[in-house]
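Here's the letter readout for the chains.
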Amino acid sequence: MNAVLQELYAWLGYLNRPAVSWQLGFILVVIIAATILHKYRKDHRLSSSLELLFGPLLLLVPSLLLRLIAVPTGISTQFGLIWGLWNVVSWLELRTQKRHRVSRVTPWLGKVVRPAILIAAIIYFIDRLSSISSIAIIKVGTILDAELIIGNVFISLIGLYLIFICSRTIAFVMAWLLQTLMRTKAQSRKLLEQLIQYLIVGIGTLLIALQAGFNVTALLWISGGLSVGLGFSLKEIMANLLSGIWLLLEGWVQPGEVLMINGDPCRVTKLGLRATELSRSRDDATLLIPNFTFFTKDAESFTAGENERRESIHVSAAYKHEPRAVIAVLEQVAKEHQRVLNMPAPKAFAIDFSESSIDYKLKFSVPNPLEALSIGSELRQAIWVAFDDNGIKATNSLDADV
Amino acid sequence: MNFAMRLPRLPKISLVIASFAIPSLLMGCTESLQPPDTLFIAYGIGDNGFSNETKARIGGRITEFSENFKRSSPDTNVVLSAYKGWQLEERIISASKLNLGPDVIVANLGTLKSLHNKRYADALPAQVNWDQIYNPFLKEQASIKGQYFAAPVLTFTQVACYNKRTVQAPPQTIQELEKLAASGTRIGLSLEPQNLVWTAGSMGAIKEISALGINPNKPTESNAIRSWLAWIRKAAFYKNISFFKSEMRKDESFINGELDWISCDGGEIERLRNKMGDALGVTALPNGKETAAFPVPYYIGFGLGSNSSTSQREAAVKYIQSCINLIVQRQLMLRNNDFLPTNKLVSIPSRSSETLQAVNTSFNIQAKGYSEEYPAVKRFFIGQKNNPNRYQELRSALADLTSGYLTVDQTLNIFTSFGEGSKP
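Chains as they are written, first to last, in my numbering: chain A, 12 to 413; chain B, 13 to 436.
Treat the hints with care, since some could be wrong.
Think about it this way: if two alpha-carbon atoms lie no more than 27 Å apart in a straight line, the pair counts; the simulated DSSO-like pairs of lysine-lysine are [to be verified]: (1) B:230 x A:150; (2) B:390 x B:230; (3) A:331 x A:281; (4) B:67 x A:150; (5) B:356 x B:82; (6) B:301 x B:287; (7) A:150 x B:96; (8) A:358 x A:372; (9) A:346 x A:372.
Hints are computed from structural coordinates only; laboratory data are not their basis. Here the structure is a predicted model, which is why all the values come from computation and not from measurement.
This is chain A alone, in the form it adopts within the complex (with noise of 0.2 Å):
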């Protein structure tokens, strides 16, 4: 570390250059005019085009006249061309933040243009101030035997930086290539990105350790041990990645699918590598099951991949009433319910032949099977109201199984 000192100190030396102090004096100045003119646009609400312009034309200007005369101005025509650049990227971003509140390239100029932007201003200025290949082979330390030079750290940092903002992206479009080619179903996709994410992860931080200069063999030795330190004190995480791997490649609980959680209904929303998102219809609360749950208990589902649910109300009529005109009053019910499908039809039956009263057996379907309640009961309205219009009495009580 001492040679990287040695070096930034070694600049301070421009400063004896009057061709270099004036230009520096000259750029504190103008930001500092910037700065005063942020603040009153903020309390004017002037356009922040002009601001975004101001700094930057306020040091090319005078730079590019002084340029004609032979007054030195190559740092402060350069800083002013960096500096405009950047605020272009500024104004790009506002336009397209104005125009489309969601943008799908608004993330990318604040993440990858503008830190672009001024990691080449800074390799830029280095490598006038000195050289920057010298400067990149400057040990500044050992790790696993691995000698880290400046150069090395630099791009492995570039490069970590880059994974982790662009790995979400390059999972997302690799999963949706997957899902074309595989013809998978489309609420799977989600797991697979977020797998891919993770081995996009893993794979480039190993390539990049590799670049750095890290011993192959040495890093053998950490992932072995943390291979065994994973297996010992991390033995749940892992067996749950595990499952949530297993249940993506199996399928069996997707997105969509309503599962009995302790005798609930509850909706998957989200599959994770870890953990399942449930939501609860009773009380719209949120579940979160560890996905070995899966593995470990019986999951009663209702769907099995598909929505539809077939529910059933019993009811009971008096003796009088001919059953043929039951059944069909209570399969007119169903049909005449908005919610109820059509394929399967509705259908009724009598099912027994009680004291008092003969039971009946309406049996419909619904879309969704977390409606099913509120359906159920809708359809019992209706048909204490049909019951009522053709006469006919219903006995005990109306009585439903769901």
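Fit chain B to the supplied structure of chain A, relying on the hints for placement.
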């Protein structure tokens, strides 16, 4: 309206900083904030890889100069910046455009001349009597119209390097070299024209080459050039003589024991010695029966950057003077035997070491013996303005000759054809 009263906190702080910083920057800073007196020195590292090892080796030589300078100017901070050799000129130009160029440039005279012609290196001050230090031969290399653009500090030349364990007595003539190859000694030669032209000297072809260089259009005898090319062709047939396009590969093969004798650049002797130790033998290149070998020397010199402040320029000139004075040049030569001093007043104790003797013979006897022909030979290989690619054409022709693709006469035709312009 009192505008200042309405300023937010950040601009107020900025104004306070600015009120101190700007006058300091513009007026050259106060005593306490005075930046260190710094002398920026840029140097290039050749084709043998840019690593901490090469940086330390080449930077070490410049540090030797700097230590001497620091004795008389202890308060000046000397900062060395190493660049890749092929990037040196371009990087100096880029930095100079931002007034961040070096104060002193250490490079070969060709690079310094190019930078001077492009106005990125200033001429040396005329107040110093440089003619007292340099002989006319060096003055011609380092000056334009009598004005020095560089101060040569080291002279490197070509010599022969051999493995003492396998070569008992190095060949004194090119004929002996041939015999040595026939007896099983493995020889490595370069395909780079400037590194192979020494054989033209041994084969007696320099006079004809020089005559063609002076006047390309005048019909000139070319029998000696033909004999030289025929010798190269014959050498290529030998099992034990190898031609290398890459100097680095040739040197590496020698270090690895795959070669026993090579023609080598004086600037590489230290590296070879570090790898081979006492097994390395150095001698002058073998002459011919009647003529001497033609080693091509090159000079490393100091140039003045164009961005220095007055104090930096003074320090730069002082630095250069401290490096080329009699005492420092002599000490440097005795510590490092693989190059010669440029100060004409330094006497060379050639008996003190085998390497110094070889380098001295190569430069002061072989190369200087051709001092009259040297400019014309250079013109022959580099060509005129109408064929800027002539050097590359000759290099390619030599490669084709040794690989059997071209006959001797076809190669001779390429060597003696001028004025047609270059093929890309």
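Checked hints:
1. B:230 x A:150: Given pair residue 230 of chain B, residue 150 of chain A is violated - Cα atoms ~59 Å apart, limit 27 Å.
2. B:390 x B:230: 18 Å, holds
3. A:331 x A:281: Violated: residue 331 of chain A and residue 281 of chain A sit about 53 Å apart, past 27 Å.
4. B:67 x A:150: 13 Å, holds
5. B:356 x B:82: 24 Å, holds
6. B:301 x B:287: Judged against 27 Å, a Cα distance of about 34 Å means the pair is violated.
7. A:150 x B:96: Holds - the C-alpha atoms of residue 96 of chain B and residue 150 of chain A are around 18 Å apart, at most 27 Å.
8. A:358 x A:372: Roughly 8 Å between the alpha carbons, so the hint for residue 358 of chain A and residue 372 of chain A holds.
9. A:346 x A:372: Holds, at about 15 Å.
In this structure, the earlier hints numbered 1, 3, 6 are contradicted, and the remaining ones agree with it.
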